[in-house]
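Read top to bottom, the protein sequences are chains W and B. Position in the first sequence counted from 1, then plus 28, gives you this note's numbering. Position in the second sequence counted from 1, then plus 15, gives you this note's numbering.
Read the hints as simulated data drawn from the structure, not as lab findings. Check the hints yourself; a few may be wrong.
Sample of chain W residues facing chain B (criterion: CB under 10 Å; computed from the structure) [what the hints assert, rightly or not]: (1) E80; (2) V296; (3) G298; (4) L337; (5) A338; (6) P339; (7) L395; (8) S397.
Each computed SDA-like pair below joins lysine to any residue, with the alpha-carbon atoms no more than 20 Å apart [claimed, not checked]: (9) W:K175 with B:E421; (10) W:K331 with B:P463; (11) W:K120 with W:Q167; (12) B:K521 with B:H306; (13) B:K322 with W:P366; (14) W:K331 with W:G298; (15) B:K369 with B:L353; (16) B:K369 with B:S327; (17) W:K139 with B:T485; (18) B:K91 with B:T289; (19) W:K67 with B:L353; (20) B:K303 with B:R424; (21) B:K400 with B:A524; (22) W:K331 with B:L353; (23) W:K67 with B:A524; (24) B:K322 with B:T289; (25) B:K369 with B:G324; (26) W:K175 with B:H522; (27) B:K521 with W:P366; (28) W:K120 with W:G106; (29) B:K521 with W:E178; (30) W:K175 with B:R424; (31) W:K331 with B:I173; (32) W:K175 with B:A523; (33) W:K139 with B:V212; (34) B:K322 with B:H348; (35) W:K139 with B:T289; (36) W:K331 with B:K303; (37) B:K322 with B:D336; (38) W:K380 with W:N393.
By construction, the Cβ of each residue, glycine as well, lies at the ideal position given by its N, Cα and C atoms.
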Amino acid sequence: MGCGLGVMCASVPAYALWPFGGKQSAGADADDIIGRVFKGDAPETVWKWSREASFYQNVDGSTVRCGICPHRCMLAPGDRSVCRSRVNVGGKLYSLVYGNPCAVHVDPIEKKPLYHFKPASRAFSIATTGCNLRCLNCQNWEISQAKPREVRHVELFPDQVVSQAIRTGCASIAYTYSEPVTFYEYTRETAQLAREAGIANVLVSAGYINRAPLLDLCRWIDAANVNLKSFSDEIYRKLNGARLQPILNTFQTLNEQGVHFEMTNLVVPGYVDDPDMVRRMCAWILEQLGQNHPLHFTRFFPKYKLDRLAPTPVSTLERFRELAMAEGIRYVYVGNVPGHSGNHTYCHNCGKCIVERQGYFITANHLESGRCRFCGTTIPGVWS
Amino acid sequence: MKSRDDQYVLRLVVATGIASVVTQLLLIREYLSQFQGNEFVIALILFGWLSLGAAGTYTAGRIATGSGWISPSRGKLGWLSLLLAALPVVVIFSVRLLRDTVFLHGRSVGFYDTAVFVFSTLCAYALLVGFLLPFSLYVLRARAESDPTRRVYIADGIGDMAGGALFSFVLVFLVSPMQAVAVTGTILAVLAVVVAVSDSDHPPRRIVAGAIVCASVLAAGMVLERWTLSPTDGSSLVEYRETRYGRITVFRDHGQVTVFQDGAPTFTSGDIVTAEEAIHYPMSQLEKPEHVLLISAGSGMLRELEKYGLQSVDYVELNPDVAEIQFRYGLLHRIPGLRILYRDGRAYLSQTSKRYDAVIVCLPEPDTFQVNRFFSDGFFRMVRKRLTRTGILAFSVEGFENYLGEAQRQKVSSLANTAGLHFSYRLLLPGQRIHFLFALQPLNPDIPGLLAARGIPTRYIGAYFQGNVTRERIAQLDALVDASAPLNTDLSPHLMRIMLGQWFAKHAASPTLFLWAVGVVTAVYLIRIHRPQWVLFTTGFVTMGSEILVIFAFQIFFGYVYLQIGLIVTVFLAGLIPGALLTACCGFAPRRALLISDGLLALLAGCFAWMLHTSSAAPPALAFWGFGFMVSLLCGFQFPMAVSLAGGEKAAGAAFSADLMGAALGILITSTVLIPNVGVVWAAALLGVLKIVSLVSNGIYGTNQQT
C-alpha cells in the first residue's frame, strides 16, 4: 500500500525543510538562491548620485516594476530591488549609483578576458555596488552583495569617467567587476559620451538583462565578455541565483546586433565539469551563435561561500578545450592557468600560433590587418 | 550483593564519563571538519553540548524523582547506557551524511545554519548524557543509606578525566573515530549489560539481544567509516588521516592532488600563483640570501626557493603529517640545505640563535587563537630579533580583487601597524592574497624587474604582475591603511574580533540575535535557581572560562605543544576528585565553605590576571597547571557542598544542571566575547569579578536568612 508520507519524503528535498534555508528557498523552487526584494529598505529621499531609472513601469500609481533584468522586481514605495541599487521613492524608480563607483582601476583588456578585442590595450574599469545575481563563488562579493551606502565611493560622473580614461591612455572603458546591468543608466550615459570621444566601451557581465534595455545598450557597446556560468538551469539557480534562458537570450541579442563578444565558462568542480553538459553547450553555441565567438574555460579557485571545493584540475580545462574545438568552436582558451599554451590564439585555418601571450603581455603577434600572416585567413575580432 | 551492584553502577558512571568525553572530542573534530573552524564555532559546539547536557540533567530531576513518571532502576539505567554506547556512530554518520544533504556541497555555512545543525544532530546524545548522570545517582539513592552524590560526582570526574587522557594520549594517535567509539562503546555496553542483568525485573535475554544490536552498530561504524568520507563529485579519496591537530584528507581529480585540512582545501598541486607570490615577493628584495626560515609551506614553494641557491632552508611545520603528505604526493620536493623541524614556529623562534635573511610565514587566515599567534606583536618582535640587518619578514592574508572591504581594511591596518612597530619599511602587495613585506631597509615594488635582473624565471609574476599588482593598486592599498587601527597583541587579539566580524558579514548574519537569545534564556534560568545553584553556575562559568584562558595563554607563551594542551585539559578535570574528597574532611558548614571557596576562586583568577599582566617572559609552566588544578579542586569541592546546602531529592539534578549551564556560558562568553574584546588579562580579571559577585550575593543571602 502506498504511503502518502513516503511520497512527500521522496519529493521534498531535505534542505527544503531546513529552518534557515540551507539552500535558501526563496524562489519558485526550494533549492534556488535567487535574491529577494528588500522590503521597506529604501532611503527616505534620494541622494546626489540618484537618477530616475530607465525601463520601468508604474503599475498602480505607487508600485513600480523594474524592467532592466528578468527579476522584474515589483517595488512598493520604500522597497529596494534584488540588485540593491534601485529603489522606489515616491512612486518613482531610482538608481542610487549614478556617478558613484566604488572600484576604479586601469586593467589590461586581456584581464576581462577579451582576447580578440584591441589586444594589449588598457581598459579604464569601473564598478558600483550591487548585482542581480547571488553567485556563491563571487570574487567581488564585498561590492556586489552590498548596498551603496555600505561601501566607500568616489564621485565620477560620466564626463569625468571619459576624461580620466583619456588621461590614463585607455582605449576603452570597461563596465565590470560587479554587474553593469545594475548600474545600467550610468553605463549607458558614460558609454554614449565615450563613443563621442572615440573611446570604446566594454561590458563585462553575467548577461542577466532583458532584451529592450540590452538592445538600447548595444548601440553604444563595442565588446562584451559575458559569463555563461553553466548550461544547466538547475545549476544557475543553485550557484548563481539566476535562470539560464535569459542569459541565452542575451547572447542571441548580442549576436544579432553584431557586438563583438566572448564567452567565459568558469568550470566549478562537481557542478560545471560535466562533459555532456559542455557538449550540449557547444552545440547550442554553434547552432545559435556560430563558430567565431571565443570561448574561455577558466579555472575555479575556492572563493567566498564556495570555499570548500578543490580548484579545477588543469586537465579538465584542457579536455573541455579539446572537446569544444572538436565540436567546431574555433577559438577556445584556457583561463586562470599561467603559462598555459591554451592562452595563445591559433589560426582556425592553418593552425599556427598567431597571437602568443604571456599573461597580459603579447609576446608575438602574427596578425596583419586582422588576418593570419601565414595563410591570410580573416580572424574574427576587433584587432586595432 | 547490594554494595557490589552499587559498585557496578559507579563503574558504569565512570564508563559513561569516558565514553562521553571521547565522543565530545570526536564530535568537536567532526563538526570542525564539516564547518568553519573558528573560535565561535568551537564555542558553539561546546555550548551546545553543555547546555543540552544541562537540559538533560534538569529533565532527570523532573521526571525521575519523587512522583516522576520514570522510576529509577538498574534495568532502565542499563538500557539507556546501551543506547548511549551505540549513539555516537549514528550521530557522527548523520553529521557526515547530512552536511551535503542539507547544505550545498562545497559551500561554507554561516553561524545560524551551523548552530541549528549542531544542536539538531547533537541533541539526542547530549540530552542522554546529561540525563544519565543524575539518573545513576537516583538509582543508587533509591537503595543507599547515605547520600551517594559525592561518590557519583567522583566517579563521573574519574571517567571524564580518564576519557580526556585516553583520547589525548592514546586514541588520537592510534585509531580512527569509529574505532575510538567502538573501544569506549564496548566498555560502556559491557557494563550496561552487567548493571541491567543485576536488576531482577529485566529479563537477561532482552538485554543481551540489545547488546548484540549495539555491537552490530559499533561494527557497522568501523566498516562504513571510509565510505562516509568518500567524495560525490567525481574525485577520489586517496588518503585519510586523523592527526592530533585535525583531519587530513587527500583527493585526486584527473591527476590534480588537493590536500584538505578539516574540510577546507589548503594545498593543491600545480598552484604556481601561491608559490611564486609567497616566495619571490620577499626573496626578490634580497641581494645575497643564504638562510631562510619557512613557517609552514605549501605546494611548489620549496621548488621556487631552490632557484636562489640557499645555504639553508629551515622548514618548521607543526603537524608532521602535513609535511609528510605534501612530500609524498609531490607537492613539496626536497632541496639542498633543507631541514624540516616538526615543532611550533614560535617555540622554535624563541629558542634558536640562528639568524635568517628571510622569515616567510605561510599560514591560513588568523581566525583562530592558534594561528593568531603568528600575526601578533610578540611574534613580529621575535622575528625581528632573528633577522639579519637586511632581512625581511613576509606573510599574507586573504586578498581582494578590486575593492577592499571595511573589515578587511581594518585587518590589514591592524597587521600593518603591529608589524610596523618593529620594522622601518613596509610594502603591501594586493592580489588574491595581500602580501606584507617588512624590513629595515627600503623595499622595491618592482618585483618583476628585480627578478629579471637576477635571472630568476617565473611563470606567473613576470606575466601577470603588471596587470594584477599595478603601482596604482599598490598605492591605493597603502593609502587605505588606517594608522589608528588597534594593534594585535598576544594578550589582546584584536584581529580575532575582526575575523569573526568578517565571517558574520560574509554570511550576512550577526551574532547579536544569538547572544540576546542566550542572555534572555540565561536570565530566566538564573531567576529560577537557588543560591547554591547560583554558586555552582558561576563556578562552572569560571572553570570553563579559565580553561580556555589557560590554553590560550599557554599557547602564547610556550607554543602549541599538543601533549601539554592535553595535560591542561586533564589537570582541569584532575582537581575535581580531590576537591570532592576534601568535603568529607572539611570541618566548615556548607555555606561558609562555599563562601571561602568562592573567595579563593576570585583570588585565583585575580592572581592569574596579575601574573599575565606582569610577565614580560613566559611564566613557569607549573603556574598554569597549578592554576588549573586549583580551580578544578575548588569546583570539585563546591559541588557536594552546594548539593548538601540545597537539600532535597531534586537538588542533585539541579546542581549538575547549574554546573553545566555555567560551564556552557563560560566557554561561550570567554572565548567569543571576553578574549577578543578585552584581551586575556581583563578576561581573567572579569572571571574573578564574577566570583566576587557570587561571594557577595551568597553572603548577603546568608545574612538575610540569619536575620
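Against the structure, the hints come out as follows:
The restraint placing E80 (chain W) at the interface with chain B is violated, with a minimum CB-CB distance near 27 Å, outside the 10 Å limit. Hint status for V296 (chain W): holds, given a least beta-carbon distance of 8 Å to chain B, under 10 Å. At its closest, the beta carbon of G298 (chain W) sits 3 Å from a beta carbon of chain B; the interface hint therefore holds under the 10 Å criterion. For L337 (chain W), the interface hint holds, the least distance from its beta-carbon to any beta-carbon of chain B being 4 Å, beneath 10 Å.
With 10 Å as the threshold, the beta carbon of A338 (chain W) comes within range of chain B, its nearest partner Cβ sitting at about 4 Å, so the hint holds. Here the hint on P339 (chain W) is kept, as its CB sits about 5 Å from the closest CB of chain B, short of 10 Å. This hint is violated: L395 (chain W) has a C-beta 20 Å from the nearest C-beta of chain B, more than the 10 Å allowed. Taking 10 Å as the C-beta contact cut-off toward chain B, the hint placing S397 (chain W) at the interface is violated, the least distance being around 27 Å.
The hinted pair formed by K175 (chain W) and E421 (chain B) meets the criterion: a straight-line CA distance of about 13 Å does not exceed 20 Å. For the given pair, K331 (chain W) sits about 27 Å from P463 (chain B) by alpha-carbon distance, which is inconsistent with the 20 Å threshold. Between K120 (chain W) and Q167 (chain W), the direct Cα distance comes to roughly 32 Å. Violation of the 20 Å bound is thereby established for this hinted pair. Distance check on the hinted pair: K521 (chain B) and H306 (chain B) sit about 40 Å apart at the alpha-carbon level, beyond 20 Å; violated.
The suggested pairing of K322 (chain B) with P366 (chain W) holds, with an alpha-carbon distance near 19 Å, which does not exceed 20 Å. Only pairs whose Cα atoms come within 20 Å are accepted, and K331 (chain W) paired with G298 (chain W) is accepted, the gap being roughly 15 Å. Note on K369 (chain B) and L353 (chain B): the hinted pairing holds, with a Cα-Cα distance of about 15 Å set against a maximum of 20 Å. Distance hint between K369 (chain B) and S327 (chain B) is fulfilled; the C-alpha atoms sit about 11 Å from each other, no more than 20 Å.
Restraint check: the Cα-Cα separation between K139 (chain W) and T485 (chain B) comes to about 13 Å, which is no more than 20 Å; the hinted pair holds. About 59 Å separates the Cα atoms of K91 (chain B) and T289 (chain B), which puts this hinted pair outside 20 Å; it is violated. Straight-line distance between C-alpha atoms of K67 (chain W) and L353 (chain B) comes to about 60 Å, which puts the hinted pair past the 20 Å bound. Restraint check for K303 (chain B) and R424 (chain B): the C-alpha separation of about 34 Å exceeds 20 Å, so the hint is violated.
Annotation: proposed proximity of K400 (chain B) to A524 (chain B) is violated, straight-line Cα distance about 42 Å (limit 20 Å). At roughly 33 Å between alpha-carbon atoms, K331 (chain W) and L353 (chain B) are farther apart than 20 Å, so this suggested pair is violated. Only pairs whose Cα atoms come within 20 Å are accepted, and K67 (chain W) paired with A524 (chain B) is accepted, the gap being roughly 18 Å. For the hint linking K322 (chain B) to T289 (chain B), the alpha-carbon distance of about 16 Å falls within 20 Å, and the restraint holds.
Proposed proximity of K369 (chain B) and G324 (chain B) is supported: the alpha carbons are some 19 Å apart, at most 20 Å. Restraint check for K175 (chain W) and H522 (chain B): the C-alpha separation of about 15 Å stays at or below 20 Å, so the hint holds. About 29 Å separates the Cα atoms of K521 (chain B) and P366 (chain W), which puts this hinted pair outside 20 Å; it is violated. Restraint check for K120 (chain W) and G106 (chain W): satisfied, since their Cα atoms lie roughly 10 Å apart, inside the 20 Å limit.
Between K521 (chain B) and E178 (chain W), the direct Cα distance comes to roughly 14 Å. Compliance with the 20 Å bound is thereby established for this hinted pair. Using a Cα cut-off of 20 Å, the hinted pair K175 (chain W) and R424 (chain B) holds, with the two alpha carbons roughly 18 Å apart. In summary, the hint linking K331 (chain W) to I173 (chain B) is not supported, as the alpha carbons are separated by about 46 Å, beyond the 20 Å threshold. Restraint check for K175 (chain W) and A523 (chain B): satisfied, since their Cα atoms lie roughly 12 Å apart, inside the 20 Å limit.
For the given pair, K139 (chain W) sits about 74 Å from V212 (chain B) by alpha-carbon distance, which is inconsistent with the 20 Å threshold. The hinted pair formed by K322 (chain B) and H348 (chain B) meets the criterion: a straight-line CA distance of about 13 Å does not exceed 20 Å. This hinted pair checks out: K139 (chain W) and T289 (chain B) have alpha carbons roughly 19 Å apart, not beyond 20 Å. The hinted pair formed by K331 (chain W) and K303 (chain B) fails the criterion: a straight-line CA distance of about 37 Å is larger than 20 Å.
Using a Cα cut-off of 20 Å, the hinted pair K322 (chain B) and D336 (chain B) is violated, with the two alpha carbons roughly 26 Å apart. Taking the CA atoms of K380 (chain W) and N393 (chain W), the gap is near 11 Å; set against the 20 Å cutoff, the hint holds.
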